[in-house]
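Protein chains in written order, with the numbering used here: chain A, 1 to 338; chain B, 1 to 338.
Possibly wrong hints are sitting among the right ones.
Copies of the same chain look alike in the list, so a pair counts if it fits in one copy or across any two.
DSS-like cross-link-like pairs, simulated, lysine-lysine; straight-line CA separation at most 25 Å [what the hints assert, rightly or not]:
(1) Lys29 to Lys149
(2) Lys147 to Lys21
(3) Lys149 to Lys25
(4) Lys298 to Lys147
(5) Lys326 to Lys15
(6) Lys256 to Lys25
(7) Lys207 to Lys322
(8) Lys300 to Lys256
(9) Lys149 to Lys120
(10) Lys15 to Lys133
(11) Lys21 to Lys322
(12) Lys25 to Lys147
(13) Lys182 to Lys207
(14) Lys326 to Lys25
(15) Lys298 to Lys149
(16) Lys120 to Lys15
No lab work stands behind these hints: they were computed from the structure.
Number of protein chains: 2
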Amino acid sequence: MTELSEIGEFGLIEKLAKDIKITNKSTIKGIGDDAAVLNLSNNLTVVTTDMLIEGVHFDLGYVPLRHLGYKSVVVNISDVYAMNAKPKQITVSIAVSNRFPYEAIEELYEGIKAACENYKVDIIGGDTSSSHKGIAISITAIGEVEKDKVVYRNTANAGDLICVSGDLGAAYVGLQLLEREKYIYQENPKIQPNLSGHEYILQKQLKPEARYDIINFFNSNNIVPTSMIDISDGLSSEIIHICSQFGLGCDIYEDKIPIAQQTIDMSLEFNIDPIVTALSGGEDYELLFTVSPEDVEKIKANNLISIIGNITKSNDMNLIAKDGTKIPMTAQGWNAMR
Amino acid sequence: MTELSEIGEFGLIEKLAKDIKITNKSTIKGIGDDAAVLNLSNNLTVVTTDMLIEGVHFDLGYVPLRHLGYKSVVVNISDVYAMNAKPKQITVSIAVSNRFPYEAIEELYEGIKAACENYKVDIIGGDTSSSHKGIAISITAIGEVEKDKVVYRNTANAGDLICVSGDLGAAYVGLQLLEREKYIYQENPKIQPNLSGHEYILQKQLKPEARYDIINFFNSNNIVPTSMIDISDGLSSEIIHICSQFGLGCDIYEDKIPIAQQTIDMSLEFNIDPIVTALSGGEDYELLFTVSPEDVEKIKANNLISIIGNITKSNDMNLIAKDGTKIPMTAQGWNAMR
């Protein structure tokens, strides 16, 4: 194992940056100067940033560093897709305490690089520094979108259909499972964690993917959603942003909300109603969007998308239960401050 | 005082963001969606990022939060100027432990906003989160430059003049003074810190400015430096980047290096040769650049700029002492990892 203090800041940057390749035409100059240089003409540019703190956003007790690196890129890229844009560049800043050897940082970076390769994104810069305790990762992502295709979160119209990609709640129960197994292991280290049969919910928690497939589908089918947001804090929290214009509400149908079987099973194991998991569980990184009714046939043809309700002319956001009763929806999403 | 946990993450973002105004034409959409949206056509875009960690980059024992906020913007903007670009947008991510009340974060943000106002930069997004300990600030700055005016650090030519803005070493001795007075105060809290007469070196440490005046001077005098870098790690460390092309070296003249009287006095008080302070002290945020000999008269007319040497056809970087002896220069700059 190599002590970070042996390598020093410049040595660390050099080691981490040595095999970073530039693949996007808009990246003129990446790592190595005071700033990166980009040529982003004609299109609009989107910029988003996220910070992940050890002990707050992740627990190295069960999160492999490689997965952490991968996920920290994906959460930013997901925000770029939520603007209907394509991610092109990221900057990566990392602060680590000297308790980590160089090899740990390298593993984290392996995950970052793997995500960049998968999503065809260039690493154009960043910062490395020491911290007193733990790891902090701050990533900024830059993307491009044609001028008439950018999609905001608050531009839905009454009558639009509300859609969601994939399924909801899996990452949340994946986290609950990891926390439970960690607790059991701490109580009795002889008991091996029992994770088999739960691969899907664990993957959604540990190594989520961002929905490039949905953005590509929009593009190749000439669909521009009327509004869009990515689900990081839970459906019931995100729908508020979609309905934030005065006089707009929604009806969401409980039986239309997509939930994977593993999510249902694990919710029941934890005595949580699966619909609560789907509404309030965080970190899904699925896309929540609205489309004009004229696009309904195109949307129905894609089995990765569920139509879960519609935008209404009212100020009420309702969940329509299976028996037809209307339940007012309130945000119960994940809140990093509490 | 208001507990952060009372306000919550969304409340905090709302409070901090409420009076943020957008002034740049290229900012289409700032805070409030999954990502900010920019229209950066025609010009090149530069992107830079910096992370500041409590206890590593700053000590709240003597750094007021407002100054910290101001400085954390300035260090990024300085990197944008070092590309001969104009800063336009920043994202701001902050992680804070719950030991800080809301009012402390507000004060930090006041400084961030004051810097943005001074430098005409829009805050377009960011992230707030809790941390287990201390404050971490990560800022990404975006700037614009005309396609034929971007200046890199490694493009100097033999015969070019080496120039520096302002004076060097002040921030370093300012830090030494603050550390000394903190130590004295800790030993005996009855002794008040003695800081009067040292305003210049303290300001260079606590509330530095980035050299927009130099970039404006280049622009209005049709000067494009042949290379440029900002001095954050000390002159002797940065000159290596300027001379990094094979077969290029430099002669730097000791008696041409600009050092303020307060810096000289404080260096001597600490028994440090002032030239060592100027060569190796960090955090100057002055610009180090080279110009073609044909621009020499224009440069000489600006008394904010000192010509300190020239690029040579050799692989040696020399400091020419006052008595004419040549001393090989080596990097002794500040290294955040050690």
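These are the hints, each one checked on the structure:
no. : hint             : result
1   : Lys29 to Lys149  : between (27 Å within a copy, 14 Å between copies)
2   : Lys147 to Lys21  : between (28 Å within a copy, 23 Å between copies)
3   : Lys149 to Lys25  : both (21 Å within a copy, 20 Å between copies)
4   : Lys298 to Lys147 : within (23 Å within a copy, 42 Å between copies)
5   : Lys326 to Lys15  : neither (58 Å within a copy, 33 Å between copies)
6   : Lys256 to Lys25  : neither (42 Å within a copy, 43 Å between copies)
7   : Lys207 to Lys322 : neither (32 Å within a copy, 61 Å between copies)
8   : Lys300 to Lys256 : within (13 Å within a copy, 73 Å between copies)
9   : Lys149 to Lys120 : within (20 Å within a copy, 29 Å between copies)
10  : Lys15 to Lys133  : within (23 Å within a copy, 29 Å between copies)
11  : Lys21 to Lys322  : neither (52 Å within a copy, 46 Å between copies)
12  : Lys25 to Lys147  : both (19 Å within a copy, 15 Å between copies)
13  : Lys182 to Lys207 : within (18 Å within a copy, 46 Å between copies)
14  : Lys326 to Lys25  : neither (51 Å within a copy, 45 Å between copies)
15  : Lys298 to Lys149 : within (18 Å within a copy, 47 Å between copies)
16  : Lys120 to Lys15  : within (21 Å within a copy, 36 Å between copies)
Checked against the numbered hints listed earlier, the structure breaks hints 5, 6, 7, 11, 14; every other hint is satisfied.
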